[in-house]
Amino acid sequence: MSSNTFLGMPSLPVFGHGNLNATEAFPKAAHRELGNEQLRANLGHATHTIRDKRLKVVAELPDWEDMRNAGAAIKDATMANLPALLEQFEANFTARGGVIHWARDAQEANEIVTALIRETGETEVVKVKSMATQEIGLNEYLEEQGIAAYETDLAELIVQLDHDKPSHILVPAIHKNRSQVREIFLREMPVVDPNLTDEPAKLAEAARKHLRKKFLSAKVAVSGANFGLADTGTLTVVESEGNGRMCLTLPETLITVMGIEKLLPTWEDLEVFMQLLPRSSTGERMNPYTSLWTGVTPGDGPQNVHLVMLDNGRTAALADEMGRTALNCIRCSACMNVCPVYERTGGHAYGSTYPGPIGAILSPLLTGIKSEENNSLPYASSLCGACYDACPVKINIPEILVHLRGEDVDSKRAKVKVPTQMDLMMKGAEWAFAKGSHLSLLEKGLPLGTLAAGRDKVIKKLPGIAGGWTQSRDIPAPPTQSFRQWWAKEHKPGAAVVPGSTNSPEGEQA
Amino acid sequence: MKIALFATCIVDAMYPRTAQATVAILERLGHEVVFPEGQACCGQMHVNSGYFKEARTVVANHVEAFDTDDYDVAVAPSGSCVASVKHQHELVARRCGDTALEARAAVVGAKTYELSQLLTDVLGITNAAEQLGSYFPHKVTYHPSCHGMRLLRLEDRQLNLLASVGGIEMVELPEADQCCGFGGTFSMKNADVSSAMNADKAANICGTGAELCSGGDASCLLHIGGGLSRQGSDVGTLHFAEILASTLENPVSVTGEVKVKLAGSKR
Ligand code: SF4
Chain A
1 MSSNTFLGMP
11 SLPVFGHGNL
21 NATEAFPKAA
31 HRELGNEQLR
41 ANLGHATHTI
51 RDKRLKVVAE
61 LPDWEDMRNA
71 GAAIKDATMA
81 NLPALLEQFE
91 ANFTARGGVI
101 HWARDAQEAN
111 EIVTALIRET
121 GETEVVKVKS
131 MATQEIGLNE
141 YLEEQGIAAY
151 ETDLAELIVQ
161 LDHDKPSHIL
171 VPAIHKNRSQ
181 VREIFLREMP
191 VVDPNLTDEP
201 AKLAEAARKH
211 LRKKFLSAKV
221 AVSGANFGLA
231 DTGTLTVVES
241 EGNGRMCLTL
251 PETLITVMGI
261 EKLLPTWEDL
271 EVFMQLLPRS
281 STGERMNPYT
291 SLWTGVTPGD
301 GPQNVHLVML
311 DNGRTAALAD
321 EMGRTALNCI
331 RCSACMNVCP
341 VYERTGGHAY
351 GSTYPGPIGA
361 ILSPLLTGIK
371 SEENNSLPYA
381 SSLCGACYDA
391 CPVKINIPEI
401 LVHLRGEDVD
411 SKRAKVKVPT
421 QMDLMMKGAE
431 WAFAKGSHLS
441 LLEKGLPLGT
451 LAAGRDKVIK
461 KLPGIAGGWT
471 QSRDIPAPPT
481 QSFRQWWAKE
491 HKPGAAVVPG
501 STNSPEGEQA
Chain B
511 MKIALFATCI
521 VDAMYPRTAQ
531 ATVAILERLG
541 HEVVFPEGQA
551 CCGQMHVNSG
561 YFKEARTVVA
571 NHVEAFDTDD
581 YDVAVAPSGS
591 CVASVKHQHE
601 LVARRCGDTA
611 LEARAAVVGA
621 KTYELSQLLT
631 DVLGITNAAE
641 QLGSYFPHKV
651 TYHPSCHGMR
661 LLRLEDRQLN
671 LLASVGGIEM
681 VELPEADQCC
691 GFGGTFSMKN
701 ADVSSAMNAD
711 KAANICGTGA
721 ELCSGGDASC
731 LLHIGGGLSR
741 QGSDVGTLHF
751 AEILASTLEN
761 PVSVTGEVKV
771 KLAGSKR
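Residue numbers (this note's numbering), protein chains in the order written: chain A, 1 to 510; chain B, 511 to 777.
A portion of the hints provided could be inaccurate.
Listed below are the simulated DSS-like cross-link pairs for lysine-lysine, each with C-alpha atoms no more than 27 Å apart in a straight line [to be verified]:
(1) LYS213(A) / LYS512(B)
(2) LYS699(B) / LYS457(A)
(3) LYS461(A) / LYS649(B)
(4) LYS699(B) / LYS417(A)
(5) LYS492(A) / LYS621(B)
(6) LYS56(A) / LYS394(A)
(7) LYS435(A) / LYS649(B)
(8) LYS563(B) / LYS417(A)
(9) LYS460(A) / LYS699(B)
(10) LYS699(B) / LYS415(A)
(11) LYS28(A) / LYS417(A)
(12) LYS699(B) / LYS370(A)
(13) LYS214(A) / LYS165(A)
(14) LYS444(A) / LYS370(A)
(15) LYS444(A) / LYS28(A)
(16) LYS427(A) / LYS415(A)
(17) LYS699(B) / LYS412(A)
(18) LYS427(A) / LYS460(A)
(19) LYS621(B) / LYS415(A)
(20) LYS563(B) / LYS370(A)
(21) LYS649(B) / LYS427(A)
(22) LYS699(B) / LYS28(A)
(23) LYS489(A) / LYS512(B)
(24) LYS649(B) / LYS412(A)
(25) LYS512(B) / LYS492(A)
(26) LYS512(B) / LYS427(A)
(27) LYS435(A) / LYS621(B)
(28) LYS417(A) / LYS427(A)
(29) LYS444(A) / LYS457(A)
(30) LYS457(A) / LYS649(B)
(31) LYS219(A) / LYS209(A)
(32) LYS699(B) / LYS563(B)
Stretches of chain B that chain A covers, calculated by requiring three or more beta carbons in the stretch to come under 8 Å of a beta carbon on chain A [what the hints assert, rightly or not]:
(33) 680 to 692
(34) 704 to 715
Residues from chain B shown here face chain A by an in silico Cβ test under 7 Å; the list is partial [unchecked claim]:
(35) ALA523
(36) ASN571
(37) PRO647
Treat the hints as calculated values from the structure; they're not laboratory data. Please read these numbers as outputs of a predicted model, since none were measured by experiment. C-beta atoms are modelled at their ideal positions from N, C-alpha and C, and glycine is treated no differently.
Start from the sequences, fold in the hints, and give me the full structure.
Dropping the structure here:
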């Protein structure tokens, strides 16, 4: 990985910190989550519902593929020209009365936000749902500093009240069902109707009553941003509930935290993304609320407008030629909704703020693949490719997963002296597949496999890492003769061989 | 047409009948089949596991075996191996800085077809019963493998060929486009998740009431079949090439006891 210098950043890539690191390897975390039947049922139901909705609204647009290409092209152009666009954005944002702060990593960003809140003298803030602040662990940090941050997005509120972590980037409480939400509200809301039912409308009403007081009293709001438009210095938040809009307009001070990759070059570019994003994320033609703000308007809305520009590993990811397109992500969550691995393990198994297929590449790109907590993430995929098909900005997630596996193998090769079982297996297979004659030699041992399979003609237990296979799967007895052997000995050109003819090799299919 | 067969490592060693059936179909259509002896594997297991250095050896061998003018097109009865030849080989060469290998890999990739692609797009097969004499009087469901579906865009080619076999009864597989969870070494490294995916696939297959599940990738069928077998299910798996090769005179028969039994085999 080469290093890049811009924006006064140091010459070595600074890797990201905060809620990006897994605390345990994916297979272990997945094993635990797989045991949670309720979680699997909730997730399976939710992802299937959103998945079907998305397919339906995407199919409505005849130019969906062109739109995806446009989205990818705009984002590629943004990344190729990021330093200049950031400067342009900064100039325009500042000219309209906003203040920009640059944060190298999670720690710096948290300190900046805390200092800004302190300046106001407040100890409470309302929050618009934001991935960037989840990534840096802002809520936890503020709590340590004696500042209470109230999430106002309904799902985010549920997670916060339950002292849990979000498990999905769009639907943070996707792992909980209605009756679980009811219990959380009854337990955690200071004033709540004791006869609360688990009807969605009733639950929403309880949350609304709970939040209303906060909205009306809060002097400071913290938000994320979906896009920053370089040519006007405008910020955008796209949401469904309107809680965001309350936060963005009522308080006196607005502090936004945004990753440096979230820029779009021009106002016009937003048009493409306003079509791609809602259809991909919630399966809707249009999202209910889109807020755009450009600096300060005297007498209207927040009068102190701050923006914290977050690097936290993004420069390092940008320096990775193969992996950088991961920064094109618009956090729509389409990839996780179609991912068979995510569907079964849920978001917590990925450890990071970013779960699912995008998380499996983004987290290790931001922290560096050498970060041991995250080097199991690129293997958390069967490479089925459903994520690539669903991604509105065409991030080739399977290709980046494979690239990162390569980086991981190389980095381990450089330090580990004793080869692992996987290394040995791969070495052995390299020899076997280096020449047809090698494979042919090995295939002479096929009858041995038949012997190992025993009378019922299946192998039920294999040693070592291959034992993972036989935990739930049999292997059929191999045939007594390989195709290659049959071809050399018995193939007669033009004598159309049919499956049941006597010159067939032995062996049945399982 | 002179067609070079790429048997793929799993088919060569574990499912020779699939390659044999491929030869049978192509020869039945009057084509000459050749088998480049030096071939071994496409290398996708190495690539997909991140072992690029080792993958290069395997890719170089494949390119060496197939980079000749001695045939018109190459064919493999495996979507994922063809996807590897077409999409991964150049990438591996590039990553290893081998531009000569990259150029040769591109030539081989362009000449390589997946079986249903060759039959449908090049050889014009639209009715297996009429054009190939295929006959298989059984109830069959079909799993489209991920790489064929998403990397090669095979769409319904395999399914349409199967549906046109004489005597066959096709039943739709619910959630057919969901991955079976094989994913090469994924099935070992993330054995729990892989097993959970396979269990759902098996449940969907069993729910159809089909006698067997067909598909176009030996590795996925090995995975699905291995799961069904462990569960004690009577439902087996069979590559679509073998169903196409089956005829009234010389059928592949399906029995409950050994699942898929070939007329000439001893059991
Ligand atoms: S990677 Fe693509 S599909 Fe996944 S969240 Fe990002 S934009 Fe959406």
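Hints, one by one, checked against the model:
With a C-alpha separation of about 79 Å, the suggested pairing of LYS213(A) with LYS512(B) is violated against the 27 Å cut-off. Our distance criterion of 27 Å between C-alpha atoms is met by LYS699(B) and LYS457(A), whose separation comes to about 26 Å. A threshold of 27 Å between alpha carbons decides the hint, and for LYS461(A) with LYS649(B) the separation of about 31 Å lies outside it, so the pair is violated. Restraint check: the Cα-Cα separation between LYS699(B) and LYS417(A) comes to about 21 Å, which is no more than 27 Å; the hinted pair holds.
Distance restraint check for LYS492(A) and LYS621(B): the Cα-Cα separation of roughly 25 Å lies within the 27 Å cut-off, and the hinted pair is therefore satisfied. Under the criterion of a C-alpha separation no larger than 27 Å, the hint pairing LYS56(A) with LYS394(A) is consistent with the structure, at around 19 Å. This hinted pair does not check out: LYS435(A) and LYS649(B) have alpha carbons roughly 40 Å apart, beyond 27 Å. The straight-line distance between the Cα atoms of LYS563(B) and LYS417(A) is roughly 17 Å, inside the 27 Å bound, and the hint therefore holds.
Simply put, LYS460(A) and LYS699(B) have alpha-carbon atoms about 18 Å apart, close enough for the 27 Å limit, and the pair holds. Distance hint between LYS699(B) and LYS415(A) is fulfilled; the C-alpha atoms sit about 21 Å from each other, no more than 27 Å. The suggested pairing of LYS28(A) with LYS417(A) holds, with an alpha-carbon distance near 25 Å, which does not exceed 27 Å. Restraint check for LYS699(B) and LYS370(A): satisfied, since their Cα atoms lie roughly 19 Å apart, inside the 27 Å limit.
About 22 Å separates the Cα atoms of LYS214(A) and LYS165(A), which keeps this hinted pair within 27 Å; it holds. Between LYS444(A) and LYS370(A), the direct Cα distance comes to roughly 41 Å. Violation of the 27 Å bound is thereby established for this hinted pair. For the proposed pair LYS444(A) and LYS28(A), the alpha carbon gap of about 38 Å is over 27 Å, so the pair is violated. Taking the CA atoms of LYS427(A) and LYS415(A), the gap is near 17 Å; set against the 27 Å cutoff, the hint holds.
A hinted pair counts as satisfied when its Cα atoms are at most 27 Å apart, and LYS699(B) with LYS412(A) qualifies at roughly 16 Å. Restraint check for LYS427(A) and LYS460(A): the C-alpha separation of about 25 Å stays at or below 27 Å, so the hint holds. Only pairs whose Cα atoms come within 27 Å are accepted, and LYS621(B) paired with LYS415(A) is rejected, the gap being roughly 41 Å. Pair hint LYS563(B) plus LYS370(A) holds up; C-alpha atoms about 19 Å apart against a cutoff of 27 Å.
Straight-line distance between C-alpha atoms of LYS649(B) and LYS427(A) comes to about 42 Å, which puts the hinted pair past the 27 Å bound. For a cut-off of 27 Å, the pair hint linking LYS699(B) to LYS28(A) stands: about 10 Å separates their Cα positions. For a cut-off of 27 Å, the pair hint linking LYS489(A) to LYS512(B) stands: about 21 Å separates their Cα positions. Only pairs whose Cα atoms come within 27 Å are accepted, and LYS649(B) paired with LYS412(A) is rejected, the gap being roughly 49 Å.
With a CA separation close to 15 Å, the supplied pair LYS512(B) and LYS492(A) stays within the 27 Å bound. A hinted pair counts as satisfied when its Cα atoms are at most 27 Å apart, and LYS512(B) with LYS427(A) does not qualify at roughly 35 Å. Between LYS435(A) and LYS621(B) the alpha-carbon distance is near 21 Å, which keeps this suggested pair within the 27 Å criterion. Distance hint between LYS417(A) and LYS427(A) is fulfilled; the C-alpha atoms sit about 15 Å from each other, no more than 27 Å.
Under the criterion of a C-alpha separation no larger than 27 Å, the hint pairing LYS444(A) with LYS457(A) is consistent with the structure, at around 18 Å. Restraint check for LYS457(A) and LYS649(B): the C-alpha separation of about 24 Å stays at or below 27 Å, so the hint holds. Distance restraint check for LYS219(A) and LYS209(A): the Cα-Cα separation of roughly 19 Å lies within the 27 Å cut-off, and the hinted pair is therefore satisfied. At most 27 Å may separate the alpha-carbon atoms for a hinted pair to count; LYS699(B) and LYS563(B) meet this at roughly 20 Å.
For a cut-off of 8 Å, the count of residues in the stretch 680 to 692 of chain B with a CB near a CB of chain A stands at 5, and the three-residue condition holds. Only when three residues or more bring their CB closer than 8 Å to a CB of chain A does the claim for the stretch 704 to 715 of chain B stand; here the count is 6, and the claim holds. Nearest Cβ of chain A to the Cβ of ALA523(B): about 5 Å, under the 7 Å cut. The hint holds. About 6 Å separates the beta-carbon of ASN571(B) from the nearest beta-carbon of chain A, less than 7 Å, and the hint is met.
Against a cut-off of 7 Å between C-beta atoms, the interface hint on PRO647(B) is violated, since the closest Cβ of chain A lies about 14 Å away.
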